[in-house]
Every structure is written in structure tokens, then in C-alpha cells.
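Given chain X, put chain V in place with the hints provided.
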Amino acid sequence: MIAPPGLRAWQPSGSAGRWFVPAAARLMRLELRHNAMPCLLPLAIALFGVLTYRKTLAMPPLWYVRVDDTQSGLVLDFATSVAGAAAWMGSREARRRVTDLLETVARPRFTRLLASWAATSCWAVAGCVLCLAAVYWATSLRASWGGPLWWPAAVVVASMPAFAALGFGAGVLVPSRFTAPVVTIATFFVVALSTELIVGSQSYWQVSPVVSAAWDVGADPGVATFYPYLPDLSIAQLMFLAGLTVAVVAAATGLPRVSGSRRLRVAAAVASTAGLLTAGTAVDLAGTGTLNAHGMIVIPALHDAADDRPLQFTPVCSRTAIPVCLNPAYAVYLPAAASALGPVLSEIAGLPGAPVRVIQSGTTYQQGPANEVLISLAGPVVSGRPPVYRLLLPDQLGGLQLSPGQLTGVLRAGTDPSVIASVVGDGPGASAAQRAVAAALLLAAREPYRALAAGTVSGVLAPGTPVRQSVPSRGRRVAGAGQGLIPAPVFAAALRFTALPASARHAWLVRNLAALRAGRITLARLP
Amino acid sequence: MNVEITDLTRRFGRTTAVSGIDLQAGPGVVGLLGPNGAGKTSLLRVMATAIPPTSGRIRLLDRDPGRYGPRQEIRRRLGYLPQNLGYYPGFTVAEFVEYFALLKEVPARRVRAAVAAAVERVQLADRSAARLRTLSGGMLRRVGIAQAIVNEPELLLLDEPTAGLDPEQRVAFRSLLRGIGRSATVVVSTHLVEDVAAACSEVVVMDLGQVVFRGTPPELEARGQAHGVGDAPLERGYSAVLSGSRS
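Just so you know, the protein sequences line up as chains X and V, in that order.
Count the first sequence with the numbering used here and you get residues 1 to 527, in order.
Count the second sequence with the numbering used here and you get residues 528 to 774, in order.
Honestly, the hints are just simulated from the structure, not real lab data.
Please read all numbers here as calculations on a predicted model, not as lab measurements.
A couple of the hints might just be wrong.
[Said to hold, decoys possible] With the C-beta cut set under 10 Å, the calculated list includes, among others, these residues of chain V facing chain X: (1) 598; (2) 600; (3) 601; (4) 606.
[Claimed, not checked] Here chain V is said to cover these stretches of chain X; the calculated rule only asks that three of the stretch's residues, wherever they fall, bring their Cβ under 8 Å from a Cβ of chain V: (5) 24-30; (6) 329-341.
[To be verified] Chain V residues, not near chain X, derived (Cβ > 12 Å throughout): (7) 528; (8) 542; (9) 546; (10) 550; (11) 581; (12) 599; (13) 639; (14) 663; (15) 721; (16) 762; (17) 766; (18) 774.
For glycine and all other residues, C-beta sits at the position ideal for the given N, C-alpha and C.
Okay, chain V solo, but in the shape it has when bound:
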């Protein structure tokens, strides 16, 4: 298992963002669904080793992120796209991705090729020399994805990756996710159930800091068969799960 989480809790002051979550994930694409404030981003940040858990046990890539050495090993194998991507406007696309390749300790002799491949995979090769300040929101999101995958991660954590992408790019992005998910664990936090339906092999629905559903997309769809809210089967399943958890 690349992700093993047991009874994980994360609090910010008096607010409990994640409460006693258990989660295991191997290679494949895991969709993380949930309403605003469900704790998706906090869970991803804990998994990204950006913040430590308040309590509980977490092992990533069969290592303990609580210890410095293993944490560094995890980070070398980790890709992370935060919800709000910060960036340096003066950097070009290639430079920004190269910057992260270097910080992720991609061997120097491989950096150039890794950057070129990552930029190519998000279809920005023709804009690799463009400064970030000149890019649209969707392009910036793709730059964020490029930096996340530049080290060919074994664990890829993406927080709202398709926000700002046009439909054509989203289709291409789902294809990319499926490809990466064949050998790595990809956790995608999203509001868009169609992304989950198209790309994920497993779905986790969170609400109020807890996991309220875990299964495959067809299983989630099945939960919605008797529920009328939502346009798509998966949306109806999602609504049914949330309604069930709150009742």
C-alpha cells in the first residue's frame, strides 16, 4: 500500500478539519469528493507532508513521514498540486518546472529531459519559454500539474487540478491521470464528479472531516439509484451519500 492512514485527526485550533480517518490506497486513481469544508484539502496537506497530523498513524510509500529521513524519501517520490498554486511570475514555464525538479532532487543530468517531458505531458511545450505572468489561469494550472509530475511521483496528490481547465484539457488531463495511476497512487480532490467518473478507480467521499463513503464509481452510482438529486448517476450517488451521512 502506498497510503496507509489509521485514525488520522488534524485540528487547527478548536476546529477539527479531519477526524479519525482510515484510508488505504495502492496504485490507481482515488477521487476525493466532498463539499466545501469537508476536510479534503487538510487531508491532502497531511498526505503531502506539508503539515503533520494531530493524532493517528500515517505511512506513505511504506515510510513514516513523522521522521526526517523517511519524510525526505517520501518527498522525493511525491507530487503535490495545492489548491491555490503560488508561482513566481518572472519564471518561464520551463524554469518553474526545473526549479521544482531540482528541489525534488531529480538528478541534475536528468533535469532537462524530465522538465521537457513534464511540460510536454501537460501540452505546454510550445509555451515553455513563456513567462508565467503571461499565462491564463488554465495554463497556470497545467504548469502546476507539470511541476507535480516532473519527478515521476509514486504518490501524486492533486487538489482541484481541473479548476480552470477547458473541457478539451480536462479530457486530456483525465487520460494523463489514468496513465499515471497505472504505476502510482494518485489522489485527486475535486468537486467535479465527472472527473471522478472518467478517471478514478476508487472514490472516497468526505463530509465534516470524516470518510462517509469509500468504493468504486459504480458503487457510488448505485447509492444514488433511489435518490433524485443530481443530473448524473454519480452526482445522485454523491448526494445520497451526503444525505445519508447527515441524517
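For reference, chain X alone in the conformation it holds in the complex:
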């Protein structure tokens, strides 16, 4: 060992604070290099890839749908790893028996614990941002309209320091080698099961970052497409997460007597109290949330009335006989919709009372008792002069997302009969002639006969009728198939009418549609 220098090259002084920034940077570098989170990041990212990313990309390329699903999935994928790693780091000093040595250093305990927690959070946030970037990039490549929604991303990012704080606090307060696994398991159950406690739209549990939207509506394509995305719930969640983070970090690192000066401990107590108040306020705000007609949670104290105005957009339209126009966000579905509706629209184009356009419309959401939500078309099916048929794509009704191919089938079975019914007046109490003409037009459009037999010709999508109940579900449509639903004379008349040349059929309808709708034409008078 060499001899020491005679005099020290520097003099310690109370002004060491001016060196704080570069020293803190070096401390952070060390903590980042020796953090447990990088070891768990591959696991969290793999979970995200397998559980969330694949599912999200299988969804329609609508920003809301994908981002909503990503928020819930990503928080679940990362929460356990982050809390576990943070608990491991929080218990490090005691596990490694360095406490005695570290209590004799000049820099307050608060500083080094804060650096350790911050490093864990940084890694978690970095991993999270990477995953979010993947989803946002993939969605941007395929989304035809709208822009990225940043509020859910902000909630995901903010939840990482919060979970890190919870885990870290547990590690500091109960330093043991078992703390991290216990925290990991507990976090999983608390996060996963918290959503089970949500009942209706007015639930305090909505403050959980796993809840990305109205929990009973979920990632519904009908939401945030015709009306702006409401950040109310996200704001409450951010408040909650920020408050929780500050409260836990301040309590775990700054409150104990050994943490630092009296002034620092007082500041920590104030910060902890403020954090708790903020988090409590956010929970209270979340409890005041209600499902609005557009499928999003409105928190009155945070709500901006300007967000209730419908979004302005230029629809994308097909070149069918009667244009089918969709919200540009649904542009990917236009070919399927045009293919499904085009033949029927050709049959009715130019008839008196026929719609001049089929326009996709928004849905309206109504919270039912418990966790039931009623989703229906907002307003009548046919409205305006000249009349416009207001279309609702099956995806807007919640439930499973459909591929364009599946969408074609569902529109043929459900919407084609409805469009015809709106023209010929088919519905409850319709005459036999009306039923025969409706069936004939469907047959002429080469619609499979089972669509008639499914009973969808009569009365579907009548104004004011809840769509969820009136549009046949995929299961019922097939299960209800059978030729016996339409009496044989009606079917025979339909076949006879179908056999006419298209021009003759059209000419007859132009002349007699008003009488047919009024019920003055009998089955025998059909050509």
C-alpha cells in the first residue's frame, strides 16, 4: 500500500449542495446499472407481447379500441414486475447488512433511497414506453383516421412510478428476502381483482389504472369515434397515481428519524399528507363518474363541456347505387359494407321514399342496473328529407370485433332486410304483400333465403327499438333459420315477383309503392 498524501486535495464544506446535480447524476448511473428491474423487464415485455400486443393488433385499427386495450393490458403486464423489483431494491440495504455503514455517510438516507426508487421507476417507464411505442406505431400504420390518444399512455406511464413506490415502500418498511415475492403476488391479486369490485359506472375502483374506460363498455369501437375522447377518468387516475406516489415515497424515504434533517422530515410529512389528500380526492372524483350517452365516463368536476360536441369528419363513401358512407375511422370496413349492401341498394335506388344515402351513425349508451349497458342507435333508423338510412356497424354494439369478411355476412343478414323494410314498410303488422315484396327484393339481391327465415325481415331496427335486442345475434340468426316462418303463399308470391325483369320490378314498385306501404295491395295483386 502506498503512503497517503499529506493533505487532502479538497475541503468538505456545508456548501456541498452545489455539487448535488453531478453527484446525483453519478448516483443515478450507479443505481441504474445495479437495479433489479432490468432483470425483470424481459419478462414484463414478453408478457406484454404474448398477452396484450397480439390481442391489441388483432383489433380494428381504431385508436380508441387499441389504446384502451393497451392501457389495461400493459398495466397488468408490468405492475407485478415493477412492484417486485422495487420491493427488492427497497429491502436491499437491510438484506445486504449495509445499514450500519450507510448511516454514517453525509448524504441523507432520503437521497440514496430516492435514487434507488427513481432508478427502478426509470427502467419501468422505459420498458413501458417501448411497449406503448410499438402499439402506437403499429396502429399509426393502419389507422385511417384520428390521432393517437395520449391520456391512456400518460396513465400507463404514471402507474409505473406508483407501483414502484408501493413495492419500494414495502421493501423499506419490511426488509426481508421474502418481501419482494410477497409484494409481487399481492400486487397481481390486488390489481387483477380490483376490477371485480366495479359495479356500474359510479365506482371508486374506477381509479385503478387498469380501468381505461367505462368498465362495462370496454374497448368499444363506437366510443371516441363520433365524439371526442373524454380524459375525465384519466385525469382522476393521474391525480391518484401522482398522489399515491408522492405519499408513499415521501413516507418511506423521508419520514423516519434517520432520513435526514428535521426540516427534510417535516417536508416529507407535508408531501406525504398532500399526496394522500390528492389520491383521496381522486378516488372520490372517480366515484362521481357516470357513463354518458357516448360511452365514456364523465366526472362532473373535471368535465369540459366542449368535449360533448360531436367530432367533425368527412365520411368515406362507396360508389354504390345509394352511397354507403362511413366514419373515416372505419374506412377499412367500407369495401365490406359496400359489398354487403350494394345489391340491395341497387334494388331500391330511385324508389319513392328510398334513402338517398346510407350513413354510419353513432351509438348511445345507457347504464342499466348493475353492470349492464344498453347500446343502441342514437335516433331513428331513417331520418331527414330526403331520407337517410342511419347505419350501425355490428362492431359498434360491443362484444366481439369482426373481420371485414365477417362484417359482410352480418350486414347481409341484418342490415339488408332492415334497409328494404324501411322502404316497403315491412314490419310488425305488415301485409302479406309487403312481406312478399321485401322477401322478393332480398332474393333478387341474391340474399340467402335463410336470412328471411331468420325472421329478420320483420320489424328489425324499428325506430326507438334497442339495437342490441333487435339485431339478431350471430347465434340466434343461425339457430332461428327455417322456411316455416314465411307462409307458403307469401313465399310463392315473392318468387313470382323476383322472377320479373329488374326494370319491370322497379317500374311496378315506383307506381305502387305508396299503395303497398299503405297496405292497400293484396298478395293477389302482385305481378
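Frame of chain X, contents of chain V only:
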């Protein structure tokens, strides 16, 4: 005086570890000898500001460690090696020493040089990139010494620093102690009287929480001239002092 202790007592529950000790020390190397349970480690922990005294007065580096501000000033000028050195196995030697340099508020621009010097002084420069988990017990002890001296302390407290060191390293370590002791106060708690004989300018013998001898190594040796227990003169003096205090 860098260390001024008056009537210091430290209790742990019903156990009195240190009882009414008076001690003053200026620059130089003070050897703290005593049997197991004599209170050496407790005294060092109080001097290291790791634990407060139960009663009595203590001033370190002319400051009162009972108050926050002065305590921080003392800690900036303090080096401490505990008896059981905890460490982070994933850190390299340099990183571990750097970690403590930062926590001791060594100016950031000086950290790199201070770490390099400390690692060099404990002869671990060639292993500075090695992770701590790969080091032997003796090397870990030297890492502990490096972190203690990285801030060029004015008060260096070492609890059993030579445990695990091989003879060659112990010789080098004594040389290091003598060098540091020229400008700083070094208090070394040890069981090894040869370390005291070789490196210390003053010896304090403790037993049952009290100081039973204080003087120079030759003075301790002189106490053992009429005592037959022990192989070396200093050991005989040490045994004589303990026997005298217990009789």
C-alpha cells in the same frame, strides 16, 4: 482534539455496553484493545455517529454530533469500517467505493480520482473492475478500507480491519495507517496486539465497557514485565492490565 469523549455511556436495553468512558485523541493512531464484549464496537459505532450515546458528552472534530448540521459536517470528514462489512455483490470494486464517495459528498469532479487513489492505496487497482461477489474475504476487507478512506477522512474508525488479511497485506495496511495517522485521527479496534505494536501511537484497553488502560505501546509492554501470560511483551502487558482490572 479530534475526539473528546466525557463520561460516555451507551446501553442496549438492560445491557450497558459502554460505561462512563472518557477519551481524548488527536492526530495519530489509537489502538482499541479488549476482549469480546468489552464495548469496543459500541464505542466505535457511537464515534461513527451510527448510534447516539445514552448519556455523556461527545465532540468529534470539534463539533457536536448530537445536532444535525454538525453531524453532517463530521460525517463528511469521517471514515468508518464496521466489523461486519455489508456490500452489494453486483457492484464492482470501483463502483462500490464510488458509491460511498458520492454518499460522503466528495465533490463530483473529484470522485473519479478519489476512488482511483483509494483503490490503489489498498492494492486493488488491478481488481477495480471485479465484482464484489468474486472477491475473497481479505479483498473484501480491503474494499471496506478503501470506502472508509475514499473521502480522505480526518477521523478514521476501523473495527477489526485486519481480519482476513494475509501477513503481507497486514504489513502494508499498518504502513497505510501510520501514513493516515500523521494528519488524521485513526481509531483501530482489534484483537491483534501486533497490529497495535506496529501501527499505533497510543493504546486504549477496554473491559466490561470501561477503559482500563490508556497509554503508549511501550507503557503497555511495561505493565506486562512481571506477568507471564502471553508470547509477546505487548500481549503480556494486555493480559496484565485485564487481570488487574478484574481483580
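Quick rundown of the hints versus the structure:
1. 598: holds, 9 Å
2. 600: Since chain X brings a Cβ to about 7 Å from residue 600 of chain V, closer than 10 Å, the hint holds.
3. 601: holds, 9 Å
4. 606: Holds: closest Cβ of chain X sits about 9 Å from residue 606 of chain V, inside 10 Å.
5. 24-30: holds (count 4)
6. 329-341: It is violated, with 0 qualifying residues against the three required.
7. 528: Given a closest Cβ separation of 19 Å, the condition holds.
8. 542: holds, 18 Å
9. 546: About 22 Å separates residue 546 of chain V from the closest Cβ of chain X, which puts it past 12 Å; holds.
10. 550: holds, 18 Å
11. 581: holds, 16 Å
12. 599: violated, 5 Å
13. 639: violated, 9 Å
14. 663: Check passes; 17 Å lies beyond 12 Å.
15. 721: holds, 17 Å
16. 762: holds, 25 Å
17. 766: holds, 31 Å
18. 774: holds, 35 Å
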